[in-house]
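K.L.:
If you want the building blocks of each chain, they are given just below.
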Amino acid sequence: MTTLAHRDRFGIFGGRYVPETLIPALDELDEALDAALRDPAFTAEFDDLLRNYVGRPSPLSTAPHFSTRVAAPVYLKREDLNHTGAHKINNTIGQALLARRMGKRRIIAETGAGQHGVATATICARFGLECVVYMGEEDMRRQELNVFRMRLMGAKVVPVLSGTRTLKDATTEAIRDWVTTVNSSHYIIGSVVGPAPYPRMVKEFQSVIGREARAQMLERAGRLPRTVVACVGGGSNAMGIFTGFVDDPDVELVGVEAAGEGLDSGRHSASLARGTPGVLHGAYSYLLQDAAGQVHPAHSISAGLDYPGVGPEHSNLKDSGRATYVAVSDAEALAGFQLLSRCEGIVPALETAHAIAWVDNQAGRWAADEPVLICISGRGDKDVAQVSALGVAGA
Amino acid sequence: MTPNPITRRFADLRARNRRALVCYLTAGHPDEDRSIELLRGVAAAGADIIEVGIPFSDPLADGPVIQASSQQALAQGMTFDRALALIAKAGVTVPVIIFSYLNPLLAAGPDALKRAAAAGASGVLVTDLPVGADPPREAWLGDSRLAFIRLVAPTTPSDRMAEIAHHGSGFVYLISRLGVTGARAELPPELPDTVARLRAATTLPICVGFGIARPEHAASVARVADGVVVGSALVEAAGRSVDDAIAFTSGIRHGLDATL
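Residue numbers (this note's numbering), protein chains in the order written: chain A, 914 to 1308; chain B, 2 to 261.
Treat each hint with caution, since some may be false.
For each label pair, taking beta carbons as the anchor points, the in silico distance ranges come out as [to be verified]: (1) B:Ser251 - A:Asn1096: 53 to 63 angstroms; (2) B:Pro111 - A:Leu1074: 50 to 60 angstroms; (3) B:Pro111 - A:Glu941: 32 to 42 angstroms; (4) B:Ala16 - A:Pro1072: 48 to 58 angstroms; (5) A:Glu1132 - B:Ala140: 29 to 39 angstroms.
I should point out that these hints are in silico values taken from the structure, not numbers from a laboratory.
Virtual Cβ for every residue (Gly too), placed ideally from N, Cα, C.
Bound-form chain B, shown alone:
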């Protein structure tokens, strides 16, 4: 079996001593056409992996920017399958991860993951399905062809970090801070310690997200982790224009590469 494109991407980055830039975009925001332009533009500007958010009416892990982008996409009729169509149409060569809350994913039906893979997705991440919460549904996600990205929080004890990593693949998403998604001025001071705890618990690559908004944040994360995830700050730029989103992505890419 060929390795998952996400795993291959990290192997390639490691060989080149580079860190991964993971970019989050809400499917259908600000509208379907620009959403496709954004996927292509962000990939060309240096994204290694793109997370495509399936908008949900009640995104309890998200701050105001992603909430608003989700509402805007839903108001225009975005759905799981329209998001897949959008991914297929964009046709980017970087790996794409379906980023969803559990409910819209369940509503998409038992073959949702097969359809996602057919549309070109390589991974899936579910914000509200922590390890151990629902073994049958976790098995459904874990046994698919998609890499199953699991999340670790700053509150997660070390033994649970190992358990989470054991039940995931592709990479581990480390939530940098308490709270919901959203740009912040500073990185939390305890982040290097949290990364070190997680590093001791897994051999999977570690990407850090939540609050990464500036090139200097990316640069400091690059010193300890294998990649960064940018979400709200990118979505905010995408709301202004495709060009702003591309410029923002390039800026983070430079910050990420500058220290290496």
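Isolated chain A, as found in the complex:
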């Protein structure tokens, strides 16, 4: 009997809960991934694109004023400086290379904030692949700039009108497309979510963040960080950077979820803090749901964190205690957005601003020689119009 390999179960989490129609495609993907990772030509092409198209390695910046504020040396892993402005491009390049190996010329993607959609449209333009991006109508309104960028690069952006008209419904709609076009299409999921092998595959392609950051910390700080901090929606930037440090027991891993209007408001996206295990989009993981197993709509000021689920490996890291998950509200994230802009001249994405805000809230938590490493998952250009419309001072 075909059962899932141990590597696609993260403790009790993960799995492959999808319609039967997709099983052969997931098997094919699984085999293609294994073969590609063993193929030096694949890894050489992937590395070359990361270096010469994305601009890797991304820098590790110090943050002198922020460090003074929190009384500990803060280091920033600058995924915002990647081509397209976020970590998302690492994964889309890996998956587009795989799609090409499998002979699939049509690419499907879902997007929330639009960063994954842009990264997918980008690599499809580069490789000459057809690109269809599903995006909730509400998110298209919030992230108009990214909709324009995707269309400029030749992608078809399909508005999703069902449910909450955000990332959850865009993902559901992308899966429906894939069930229909599975023989000719590859679905590039943007985070460490979805059915096996997606969580493992996306982690693999994002692990470059943690690998680089670990080496950079040893070189620049002369030691490993005391704490590694990243925002968590689905959790791909967090998984990418955590992977570099998960085997270092003295390094604390902290994932920051979106508390929206407050954890007790019922309007948040904190699946790990307030969810219960369940099945959504092909995986068993923590999930915002009611007692009857109906998925509860998420809320966050940042479209990229506005998702009721989370990657299954994060659920396992939470239960095992290896990582800690905290939550930061919309208002705190806005403050973090302004803070990093003013004190370091770096405008972070609203998603990333959650990680900034948590570190700022924790001033005094670290000794003066304990470095804190934050993953700056993306830049905030896309969020400027939204923040400005909120009437935030100086924006």
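Got chain A sorted already, so can you dock chain B onto it with the hints?
P.N.:
Relative to the frame of chain A, chain B by itself:
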């Protein structure tokens, strides 16, 4: 142990050289009272088996019609246990299958299947639990008193078809085409070949679903398979009126019987 009512129903149909008409209805759509009338009316109009859909907030295998019916039912507070109450109240004599996504079924708790059987259900089908995905939960479903209906897709390789059938009971549900549920104008041309591949892999009855919307579809499926499943087209009719749903069911029944 007495055979499951679904198995008995197929034996009876075979003896009479008839094909099974399997009708899908979303529990609580368009509302609870009419949902009960629909179960009774569709059974009286010739359904051999009724699938009662437990509505789910994120039905990724379903097209627009079943999505909308699910939303409508959820908005009125439909749950797993209210669906069971509705089945018990309808009291139809044809076998009833609980048709669900995994999450609402898990949320209903470890004795959900016992409660379903007590309410009169004879089978269970889970759209997003493919064979091999989760052996402990598959064993929970397979070891219950309910027949465990498994699905085969047009993309399924022949060796996997045998494995799927081996882990199921009652009948095998063959998805006729790629994509989500929803009425279509034509049947896929490769359907007879897919049925033949599946026939070689199992002795269980084969019912074909997804896109069956017209009596002539039922007639052509009847030539190769043991039954048809109608869903979206019936739910659409049910949204208009109970009478439309009954008339639609009769039409499919005639199409199914006409060729035999």
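K.L.:
Taking the hints in turn, state whether each one holds.
P.N.:
For each hint, the structure was consulted:
1. B:Ser251 - A:Asn1096: 53 to 63 angstroms: With Cβ atoms ~37 angstroms apart, the hint is violated.
2. B:Pro111 - A:Leu1074: 50 to 60 angstroms: violated (37 angstroms)
3. B:Pro111 - A:Glu941: 32 to 42 angstroms: holds (35 angstroms)
4. B:Ala16 - A:Pro1072: 48 to 58 angstroms: With a Cβ separation near 53 angstroms, B:Ala16 and A:Pro1072 satisfy 48 to 58 angstroms, so the hint holds.
5. A:Glu1132 - B:Ala140: 29 to 39 angstroms: violated (52 angstroms)
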